[in-house]
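Engineer: Each chain, written out:
Protein chains: 2
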Amino acid sequence: MPEPRQDRAIRTREEIIRAAAEVFDERGYNGASMREIMKRARVTLGAVYFHFPNKEAIAREVMNSQPDSVLPHLTSRGLQQAVDITLVWSRQLQNDVALRAGVRLAVEQSGLDFRDTSSYEGWEKIFEECLLVAHERGELRDHVSPSTMAGFLVGACTGVQLYSELLYRRSDLTQRTVTMWELLVPGVAVAEVAGQIKVSVRRADALAAIST
Amino acid sequence: MPEPRQDRAIRTREEIIRAAAEVFDERGYNGASMREIMKRARVTLGAVYFHFPNKEAIAREVMNSQPDSVLPHLTSRGLQQAVDITLVWSRQLQNDVALRAGVRLAVEQSGLDFRDTSSYEGWEKIFEECLLVAHERGELRDHVSPSTMAGFLVGACTGVQLYSELLYRRSDLTQRTVTMWELLVPGVAVAEVAGQIKVSVRRADALAAIST
Chain A
1 MPEPRQDRAI RTREEIIRAA AEVFDERGYN GASMREIMKR ARVTLGAVYF HFPNKEAIAR
61 EVMNSQPDSV LPHLTSRGLQ QAVDITLVWS RQLQNDVALR AGVRLAVEQS GLDFRDTSSY
121 EGWEKIFEEC LLVAHERGEL RDHVSPSTMA GFLVGACTGV QLYSELLYRR SDLTQRTVTM
181 WELLVPGVAV AEVAGQIKVS VRRADALAAI ST
Chain B
1 MPEPRQDRAI RTREEIIRAA AEVFDERGYN GASMREIMKR ARVTLGAVYF HFPNKEAIAR
61 EVMNSQPDSV LPHLTSRGLQ QAVDITLVWS RQLQNDVALR AGVRLAVEQS GLDFRDTSSY
121 EGWEKIFEEC LLVAHERGEL RDHVSPSTMA GFLVGACTGV QLYSELLYRR SDLTQRTVTM
181 WELLVPGVAV AEVAGQIKVS VRRADALAAI ST
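Taken in order, these protein sequences are the chains called A and B. Under the UniProt record's numbering, the residues of the first sequence are numbered 1 to 212, in order. Under the UniProt record's numbering, the residues of the second sequence are numbered 1 to 212, in order.
No lab work stands behind these hints: they were computed from the structure. Heads up, a few of these hints could be off.
[To be verified] In silico EDC-like cross-links for lysine to aspartate or glutamate, where the CA-CA straight-line distance does not exceed 20 Å:
#, chain 1, residue 1, chain 2, residue 2
1, A, 125, B, 172
2, B, 198, A, 172
3, B, 125, A, 172
4, B, 125, A, 165
5, B, 39, B, 22
6, B, 39, B, 68
7, A, 125, B, 165
8, A, 198, B, 142
[Said to hold, decoys possible] Okay, the calculated bits of chain A under chain B, using three or more residues with CB under 8 Å as the criterion:
#, region
9, 35–41
10, 47–59
11, 134–145
12, 167–181
13, 185–191
[Stated by the list, open to error] Label-pair restraints from in silico Cβ distances:
#, chain 1, residue 1, chain 2, residue 2, range
14, A, 76, B, 36, 51 to 57 Å
15, A, 50, B, 9, 58 to 64 Å
16, A, 15, B, 36, 40 to 46 Å
17, B, 68, A, 50, 52 to 58 Å
18, A, 33, B, 9, 41 to 47 Å
19, A, 39, B, 11, 30 to 36 Å
From the three backbone atoms N, C-alpha and C, an ideal C-beta is built for every residue, glycine too.
With the rest of the complex left out, here is chain A (with noise of 0.2 Å):
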């Protein structure tokens, strides 16, 4: 029986933006174009149009797809939360090259022609949310404001990730994430709820072989 027109449509376009994903993750926003986008997926170049405008278009839902990777599997709550999003983002970074797509552009649109800050806005709601819980926990000291710090979080990531792509291709991106929480807990944290948060190379790793 021959495979439904929607289904068929729906898996092209997941197609194309796995495609486009590594072209961009090989060679970023203006390396790629959409020719190479359409070998890689093996589709028509009418096909790729069909489903997207302009190469700015993938790009689009490339960036904003990101969280999908991350946030499936995590059971833990309140600030454990907001640290175990950050262990898995650094180790799907390793791994996912959609993930590794989304952030690259999200990076590199600081010198391009287009803006689109919706993607960092995500990881900011998905961390204030989970900092609101935290808040509501009595978790957090009475100076830590959950929006100001998410805002915070999301520079810091998107810094301490950039940095250690630039010296090791992020090979101790983890180390990283764990270091940035060791300076952080102790300050934002009351003191009981400081000694109970878990944050290693170890515990990332682990989450990261669930969420896969």
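Model the placement of chain B on the given structure of chain A, informed by the hints.
Structural biologist: Frame of chain A; chain B shown alone:
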């Protein structure tokens, strides 16, 4: 009396660097051409190539002169000096085209053919020296390693300015820098010192005014 040849050469070199910073700040590395730098500097293309073999060499020099516009006028020491460096830097990034160009190039190179991490490492060394003094003075908590924290600060500042640039063209960068320290200080400094560290937008303005 004609200007001595050596003085003129030094002045031409500085003029090229100043012009290049403007062009890199506006167009990024890929968008900048030797020809435009030449025009902006009001020198011949021959003069540009006399001083620099290629665009990459100029970009490296612009990247690596970042600290020059931040450091000279600070009198604080230890943790307060690390704070003050970031405060002045956050203000200067709004006003100093050479610093802004250096930071833009340093970020953009993650997507380019050449990699020169010395500007990041220069900042890391500067932070490490402040934090070693802080450590010797007993300002830091036991678990805080000056070198590890210095590496984190470089990454965090890089990302905080990038996020602020994308969202608000850096208009809120000093406030975000203040927020970073409000989150960090209680966790990294011993209690007596944490209460004495001065970090505010007003302080950034005052320090930046002295530095220019």
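Engineer: Examine the region 134–145 of chain A: at least three residues should have C-beta closer than 8 Å to a C-beta of chain B.
Structural biologist: n = 3 at 8 Å, threshold three: holds.
Engineer: Count the residues of the region 167–181 of chain A whose Cβ falls closer than 8 Å to any Cβ of chain B, and tell me whether that reaches three.
Structural biologist: As far as the region 167–181 of chain A goes, the hint holds, because 4 residues have Cβ atoms under 8 Å from chain B.
Engineer: Are the Cα atoms of residue 198 (chain B) and residue 172 (chain A) separated by 20 Å or less?
Structural biologist: violated, 33 Å
Engineer: Between residue 76 (chain A) and residue 36 (chain B), does the beta-carbon spacing fit 51 to 57 Å?
Structural biologist: holds, 52 Å
Engineer: Between residue 125 (chain A) and residue 165 (chain B), is the straight-line Cα distance small enough, at 20 Å or below?
Structural biologist: holds, 19 Å
Engineer: Straight-line Cα separation of residue 125 (chain B) and residue 172 (chain A) no greater than 20 Å?
Structural biologist: Holds, at about 19 Å.
Engineer: If you check the beta carbons of residue 39 (chain A) and residue 11 (chain B), does the distance land in 30 to 36 Å?
Structural biologist: Distance hint for residue 39 (chain A), residue 11 (chain B) is violated at roughly 52 Å.
Engineer: CA of residue 125 (chain B) to CA of residue 165 (chain A), is that 20 Å or under?
Structural biologist: Since the Cα atoms of residue 125 (chain B) and residue 165 (chain A) sit roughly 19 Å apart, the hinted pair holds (cutoff 20 Å).
Engineer: Taking a Cβ-Cβ distance under 8 Å as contact, does the region 47–59 of chain A have three or more residues in contact with chain B?
Structural biologist: Per the Cβ count (0), the hint is violated.
Engineer: Just to be careful, I want the Cα atoms of residue 125 (chain A) and residue 172 (chain B) compared with a cutoff of 20 Å; is the pair within it?
Structural biologist: holds, 19 Å
Engineer: Quick check: do three or more residues in the region 185–191 of chain A have a beta carbon closer than 8 Å to a beta carbon of chain B?
Structural biologist: holds (count 4)
Engineer: Can the suggested window of 52 to 58 Å be confirmed for the beta-carbon pair residue 68 (chain B) and residue 50 (chain A)?
Structural biologist: Once the Cβ atoms are compared, 53 Å apart, the range 52 to 58 Å for residue 50 (chain A) and residue 68 (chain B) holds.
Violation of the numbered hints given earlier is confined to hints 2, 6, 9, 10, 19; the remaining hints are satisfied by the structure.
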